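Student: Make a model of the complete structure from these sequences and hints.
Top to bottom, those sequences are chains F and B. Position one of the first sequence corresponds to residue 23 (the numbering used here), numbered consecutively onward. Position one of the second sequence corresponds to residue 89 (the numbering used here), numbered consecutively onward.
These aren't lab readings, by the way, just hints derived from the structure by calculation. Nothing false has been slipped in among the hints.
Computed list of lysine to any residue pairs in SDA-like fashion (alpha-carbon distance at most 25 angstroms, straight line):
#1 F:318 to B:121
#2 F:50 to B:249
#3 B:232 to F:72
#4 F:312 to B:106
#5 F:318 to B:106
#6 B:171 to B:206
#7 B:199 to B:224
#8 B:103 to F:329
#9 B:103 to F:400
#10 F:396 to F:353
#11 F:312 to B:236
#12 F:247 to F:232
#13 F:334 to F:178
#14 B:100 to F:394
#15 F:160 to F:182
#16 F:312 to B:134
#17 B:232 to F:311
#18 F:188 to F:35
#19 B:125 to B:115
#20 B:103 to F:322
#21 F:160 to F:179
#22 F:349 to F:144
#23 B:100 to F:65
#24 F:100 to F:77
#25 B:103 to F:391
#26 F:312 to B:248
#27 F:326 to B:121
#28 F:401 to B:105
#29 B:100 to B:237
#30 F:216 to F:111
#31 F:403 to B:106
#32 F:205 to F:234
#33 F:401 to B:106
#34 F:167 to F:212
#35 B:100 to F:400
#36 F:188 to F:210
#37 F:188 to F:276
#38 F:180 to F:216
Remember, it's a predicted structure, so these values are computed and weren't measured experimentally.
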Amino acid sequence: MNMQDVLSDKVKSIAPSGIRKFFDLASKMEGVISLGVGEPDFDTPWSIREAAIYSIETGKTFYTANQGLPQLRQEISKYLNRRFQLQYDYEDNIIVTVGGSEAIDIAFRTLINPGDEVILLQPSYVAYTPGVQLAGGKEVTIELKEDNNFKLTPELLKAAITDKTKAILLNFPSNPTGGFMTKEDYQKIVPIIKESGIIVISDEIYAELSYEQEFVSPASFPEIKDQVILISGYSKAYAMTGWRLGYVCGHTDLIAAMNKIHQYVIMSAPTAAQYGAIEAMKNCDNEVVKMVEQYKLRRNYIVKAFNDMGLKTFMPQGAFYVFPCIKSTGLTSEQFCEELLKEQLVACVPGTAFGKAGEGFIRVSYAYSIEEIKEAVIKIKAFLDNRK
Amino acid sequence: MTELDLLSFIEKNAKCTITDLSMALNESEEVITNSLKELEDKKVICGYHTLINWDKSCTEKVHATIQVSCSPEREHGYDRIAKRIYMYNEVESMSLLSGSAAEFIVNVEGKTMQEIAHFVGRKLAPIEGVTGTATLFVLKQYKKNGVILDTDDNYDDNERLLVTP
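Tutor: Next up, the structure:
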């Protein structure tokens, strides 16, 4: 029996991830130095781990409420108010999800009818495009340019909106570019969003990893707050990637609709992780600050290193990636990463793994110690010198 | 760059070169060099040490924490007695305490238990003003200067995948 015959057309239409392809290549090689990961190198703060262990020790191993533990939702509500002056009611406006990934999935599936258009910014996180496609939608991409620090401008947004546009997905600070939107940047696009009535799915997973400027959520603009679905989680800020815990906030009707999918597919997020998250939000602000301080120093280091070796790299204002331009080498992104891996055993991710707009760039994570970054930088420089 | 940025960074990355510090802190090498010199001169930076887990080396070392009781001196308080103790090379660190039966905590290092016993009995206890000592030998150090020493040799602490989204 040919199993390909039984697969759904939707699944068959989904392209394999460029990240996966590169992971397969790197994992077959010995002694690889990686700058290719999208997760913190810090351990989850101990008090969070302790809280989760204690919850298991005391037998808290049951399903929680579908939307998540009420105490956790209360803490999320308080956190969003304390950090970003956002008001969300814990009973009606918040669902605790299995990572930000589930939140993105249920947001797409809640909103999209077949043929609806969803605007995605490129280069973008690898799961957005397949998420739209699996929900039956059609992605419309806006290419963000390095010349404009990978920001969304009103001109680009206006040009992309059509009668079929249902939503736009924003992800600032951005994976993979490190692009950042300030309050002034948002003020220019908020009237367009308001007028068009489109929904903004705002993936704010890197919100806490903002450096020189304060993070601003599109939900903080009262005129469009009801149009915004805010998605965040614990993976990046609290170094909790393996816990798979996130949350989604939004208008009561949208949350009620998303909860229909969530309750049937997921039931509820893992209980021990939810107890850990309560501790994270109550008592771990200082731990986050310490990690952000380290990321900022590493960012400074790596941006200067790339610019010094002739790969133009703009200074990102958030997340933990830099996106050096490798066009001067004459290689494509994939060629650059493959040859670098084979020749110097350094793994970076081709920009094209994040969409066609990523051609000419590579994604480099600085979620590594300065020593590891330094070692990789020396090897990348040797790789470039060998080509002169 | 603030003084705090520089101090926080070198506290955990003492091996960094001036060039590395300059890149990470986004400052010129000249500014970094001058700032370090100023902090060293002011004794804000008191030294650059290596943290060694002697249990894993071939060298045998014994550590002890000694609680020292003493009577303060008129006009000098505890400081003169403290100096007579901390000037000994055997003393690694020393602090004056409140709320304890003993006034000082003195951490000492020696090659053998006998050597430490000798130090306590012949040098420390006879100091004028010292009224008592209690020697606690260290059996195992779990954490020092914020670094966990009690790591499992078989534990691979880098199980992150090479490439992730």
